[in-house]
Amino acid sequence: DAKTTQPPSMDCAEGRAANLPCNHSTISGNEYVYWYRQIHSQGPQYIIHGLKNNETNEMASLIITEDRKSSTLILPHATLRDTAVYYCIVRVAHDSNYQLIWGAGTKLIIKP
Amino acid sequence: DGGITQSPKYLFRKEGQNVTLSCEQNLNHDAMYWYRQDPGQGLRLIYYSQIVNDFQKGDIAEGYSVSREKKESFPLTVTSAQKNPTAFYLCASSSRGEGGYTFGSGTRLTVV
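Chains A and P, in that order, give the protein sequences.
Counting from 592, one number per residue, gives the positions in the first sequence under our numbering.
Counting from 1268, one number per residue, gives the positions in the second sequence under our numbering.
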């Protein structure tokens, strides 16, 4: 079962910041939070990941609450090409490697 | 450029036939994965392999088979035992450590 909860859909105006929330209240101390996005009929694209601290890269920022039970992905200046399904995922340890547990994601629609 | 190649992009199969989907990576990743995605849904794990000549069942392995004879290759066979094979199939790979998954562009299988 997915360890994350996301709203099924969100809208955002072009040029504004898109803030996508995610709840992961059962996350363990050594489990990372990953964000991917998937444009229709393509493979998912990695965006960002984090453990405790806030992270930023050229695509987005990831804000993780101090208790690590929730996080927010921020796309600072959304464009029409950011319309996609965004997945918040917890990476869990499995055997000697890791697995990503996928939920249904948030469909983000950027409006002109 | 390093990446994952899935082929073909579209595949049509008659009922009762087996079909093999190709996945090749040149990222030198140890682990490889096969996922199935149905419309409006998240990704479900079919099989994964952490090392050559070894693979494990995921959540929905029934009706599928895999092999991992080379580090670079992880083909998936959809057998006639799979009751509802029409779906979008995604292959991914990962290295040990903090990094996420790299995905291929997917194969859309349709049973006719």
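For the record, the hints were derived by calculation from the structure and aren't laboratory data.
One should not assume that every hint holds.
[Unchecked claim] The list that follows gives simulated cross-link-like pairs (lysine-lysine, DSSO-like), each with its CA atoms no further than 30 Å apart: (1) P:1276 to P:1324; (2) P:1337 to P:1324; (3) A:594 to A:660; (4) A:698 to P:1350; (5) P:1276 to P:1338; (6) P:1338 to P:1324; (7) P:1276 to A:698; (8) A:643 to A:660; (9) P:1324 to P:1350; (10) A:594 to A:698; (11) P:1281 to A:594; (12) P:1350 to A:594.
Since this is a predicted model, take the numbers as computed values, not measurements.
Hint check results:
1. Under the criterion of a C-alpha separation no larger than 30 Å, the hint pairing residue 1276 (chain P) with residue 1324 (chain P) is consistent with the structure, at around 24 Å.
2. Distance restraint check for residue 1337 (chain P) and residue 1324 (chain P): the Cα-Cα separation of roughly 18 Å lies within the 30 Å cut-off, and the hinted pair is therefore satisfied.
3. This hinted pair checks out: residue 594 (chain A) and residue 660 (chain A) have alpha carbons roughly 11 Å apart, not beyond 30 Å.
4. Under the criterion of a C-alpha separation no larger than 30 Å, the hint pairing residue 698 (chain A) with residue 1350 (chain P) is consistent with the structure, at around 29 Å.
5. Of the pairs offered as hints, the one joining residue 1276 (chain P) and residue 1338 (chain P) holds, with about 22 Å between alpha carbons and a cut-off of 30 Å not exceeded.
6. A hinted pair counts as satisfied when its Cα atoms are at most 30 Å apart, and residue 1338 (chain P) with residue 1324 (chain P) qualifies at roughly 18 Å.
7. The straight-line distance between the Cα atoms of residue 1276 (chain P) and residue 698 (chain A) is roughly 24 Å, inside the 30 Å bound, and the hint therefore holds.
8. Annotation: proposed proximity of residue 643 (chain A) to residue 660 (chain A) holds, straight-line Cα distance about 10 Å (limit 30 Å).
9. Simply put, residue 1324 (chain P) and residue 1350 (chain P) have alpha-carbon atoms about 17 Å apart, close enough for the 30 Å limit, and the pair holds.
10. Distance restraint check for residue 594 (chain A) and residue 698 (chain A): the Cα-Cα separation of roughly 18 Å lies within the 30 Å cut-off, and the hinted pair is therefore satisfied.
11. For a cut-off of 30 Å, the pair hint linking residue 1281 (chain P) to residue 594 (chain A) is broken: about 37 Å separates their Cα positions.
12. For the given pair, residue 1350 (chain P) sits about 28 Å from residue 594 (chain A) by alpha-carbon distance, which is consistent with the 30 Å threshold.
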